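Enquirer: Now for the letters of each chain:
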Amino acid sequence: MPHDHADHDHPHSLLPSDPALRVKALETILVAKGLVEPAAMGAILDTYERRVGPHLGAAVVARAWSDPAFRAQLLEDATAAVAALGISGRQGEHVVAVENTPEVHNMVVCTLCSCYPWPLLGIPPAWYKSDAYRARAVREPRRVLAEFGVTLPDGQAVRVWDSTAEVRYLVIPMRPEGTGGMDEAALAALVTRDSMIGTGLPERPR
Amino acid sequence: MTRVHDMGGRWGDGPVVPEPQGIVPFAEDWHRTALALTLAAGGLGAWTIDASRHARERLAPKDYARFSYYEKWIAALADLLVAEGLVTGAELAAGKAASAAPHPRLFRAGSVGPALARGTPYARPAAAPAFTVGDIVRTRLPARNTRVPGGHTRLPAYAAGQAGRIVLIHGAHVLPDTNAHGLGECPEPLYTVAFRAGDLWGEAEAPGDEVTLDLWQSYLERA
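In order, the protein sequence lines correspond to chains A and B. Heads up: the first sequence is residues 1 to 206, going by this note's numbering. Heads up: the second sequence is residues 207 to 429, going by this note's numbering.
Worth flagging that the hints you see were computed from the coordinates, not collected in a lab. Note that the structure is predicted; figures quoted are calculated from it, not measured. Even for Gly, the Cβ is constructed at its ideal location relative to N, Cα and C. Hints should not be assumed to be uniformly reliable.
Stated by the list, open to error - Here are the simulated distance ranges between beta carbons:
hint: 1; chain 1: A; residue 1: Pro-205; chain 2: B; residue 2: Pro-355; range: 51 to 59 Å
hint: 2; chain 1: A; residue 1: Gly-34; chain 2: B; residue 2: Asp-219; range: 15 to 23 Å
hint: 3; chain 1: A; residue 1: Ser-13; chain 2: B; residue 2: Ala-304; range: 16 to 24 Å
hint: 4; chain 1: B; residue 1: Gly-319; chain 2: A; residue 2: Gly-149; range: 20 to 28 Å
hint: 5; chain 1: B; residue 1: Arg-428; chain 2: A; residue 2: Glu-177; range: 43 to 51 Å
hint: 6; chain 1: A; residue 1: Asp-77; chain 2: B; residue 2: Gly-220; range: 34 to 42 Å
hint: 7; chain 1: B; residue 1: Asp-235; chain 2: A; residue 2: Ala-32; range: 14 to 22 Å
hint: 8; chain 1: B; residue 1: Ala-412; chain 2: A; residue 2: Glu-177; range: 42 to 50 Å
hint: 9; chain 1: B; residue 1: Glu-225; chain 2: A; residue 2: Ala-189; range: 17 to 25 Å
hint: 10; chain 1: B; residue 1: Gly-367; chain 2: A; residue 2: Leu-21; range: 40 to 48 Å
hint: 11; chain 1: B; residue 1: Gly-388; chain 2: A; residue 2: Leu-21; range: 45 to 53 Å
hint: 12; chain 1: B; residue 1: Lys-302; chain 2: A; residue 2: Gly-149; range: 44 to 52 Å
hint: 13; chain 1: B; residue 1: Gly-367; chain 2: A; residue 2: Ser-66; range: 38 to 46 Å
hint: 14; chain 1: B; residue 1: Pro-331; chain 2: A; residue 2: Gly-155; range: 51 to 59 Å
Said to hold, decoys possible - Cross-link-like lysine to aspartate or glutamate pairs, in silico, EDC-like; alpha carbons within 20 Å at most:
hint: 15; chain 1: A; residue 1: Lys-129; chain 2: B; residue 2: Asp-219
hint: 16; chain 1: B; residue 1: Lys-302; chain 2: B; residue 2: Glu-290
hint: 17; chain 1: A; residue 1: Lys-24; chain 2: B; residue 2: Asp-219
All chains, please: the whole structure from these sequences, using the hints.
Expert: Written as structure tokens, this is what we have:
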């Protein structure tokens, strides 16, 4: 039978205890050994600090609100639908869009780690990765929603999606009332990151 | 038994603290380095995402609990690098290493954009699924890796031994329980299974509330 690595074997404890120093030491080693290219690190950071974030998911939601054919395609095969908008890749290889309705409110968590649709929403916020959210979202989603200032109406069930595989879930919130004449760009500005995780609702038009 | 990371349903963690909307800024400069270093080293292709998740999960429970998020990443990265023979314990202890030629699979800046946009798809061709939407299935009890004691699995303890309803079929996906341990991809049909919150927790916050999980066929039997 194959064995797991010995549980007492934790080489990381050889690094300095201060986290900033540990990271620096590891970076120094990896760059010296030709295992990491500093320019590649820069390109990775440029991607997630400037290019990829919830504005991309918001554009998808606004398109779904505006274009019934796109909405149908998104609900049928979200991976293909968002790829047609140039959105794809790491931690979003397999996407499923789940639509909120008056009957069901969807909310996404990863209780086992921090799985999150990076190409659509960017890097997850700290609360999404926190023990409190991971532990509580599945057992008491309505109490968690209350901490985000969200109270659901009576009769709307909650469905919590625990992301245990490589499928990444995007919540399509309900289009707010009073947005009938708005174009996609104006609609996208109402779509918050949290509304696409299911811990928030879109902003109301001013 | 599963490991320390398997915390779904646990009590005692306190409130969730919301943050401003938009792109999430890094709270500390070393968080930036930790993320970039982890992804850049991952680009060597020396381990799978399943192996990297398991490297975080198998941190000692006391370390897992006290480490911040990116501290877990860095600890797991160091452990993986040593396990794969890319870095030695002596180099970690010294905090430096002798210069070496670029690794043949060094993740170059020019590859970053295309590689991140491509990702690593986990869907594979495989046999037709045994279950169909609407079927009632029961999950493995206890939640565990049946091949590797203490090994990686994606069935959380809170959903072990529970009956649920198939709501989506995703085709076949790589099986983490083998792939994390170098035992092959062993693709299996992957399903989304919906469980009644009342079944999982004794009572639901409201009638009709559900929790869904993505579960591989070998985790399930017909109920």
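Enquirer: Using the C-beta atoms of B/Asp-235 and A/Ala-32, is the stated range 14 to 22 Å upheld?
Expert: holds (21 Å)
Enquirer: Using the C-beta atoms of B/Lys-302 and A/Gly-149, is the stated range 44 to 52 Å upheld?
Expert: Once the Cβ atoms are compared, 49 Å apart, the range 44 to 52 Å for A/Gly-149 and B/Lys-302 holds.
Enquirer: Range first: 42 to 50 Å. Now tell me if the beta carbons of B/Ala-412 and A/Glu-177 are that far apart.
Expert: violated (24 Å)
Enquirer: May I ask you to test the hint 40 to 48 Å on the CB atoms belonging to B/Gly-367 and A/Leu-21?
Expert: holds (45 Å)
Enquirer: Is 17 to 25 Å respected by the C-beta to C-beta distance linking B/Glu-225 and A/Ala-189?
Expert: holds (19 Å)
Enquirer: Decide if the proposed pair is consistent with the structure: B/Lys-302 and B/Glu-290, CA atoms, cutoff 20 Å inclusive.
Expert: With Cα atoms ~18 Å apart, B/Lys-302 and B/Glu-290 stay inside 20 Å; holds.
Enquirer: Look at the Cβ atoms of A/Asp-77 and B/Gly-220 and judge whether their distance stays inside 34 to 42 Å.
Expert: holds (39 Å)
Enquirer: Is the Cα-Cα distance between A/Lys-129 and B/Asp-219 20 Å or less?
Expert: This hinted pair holds, its Cα atoms lying about 13 Å apart.
Enquirer: I want to verify a distance hint. Is the separation of the beta carbons of B/Pro-331 and A/Gly-155 within 51 to 59 Å?
Expert: violated (43 Å)
Enquirer: How does the Cβ-Cβ distance of A/Ser-13 and B/Ala-304 compare with 16 to 24 Å: does it lie in that range?
Expert: holds (23 Å)
Enquirer: Verify the CB-CB distance for A/Gly-34 and B/Asp-219 against the hinted window 15 to 23 Å.
Expert: violated (42 Å)
Enquirer: Note whether the CB distance of B/Gly-367 and A/Ser-66 lies within 38 to 46 Å or breaks it.
Expert: holds (45 Å)
Going through the hint list in order, the structure does not satisfy hints 2, 4, 8, 11, 14 and 17.
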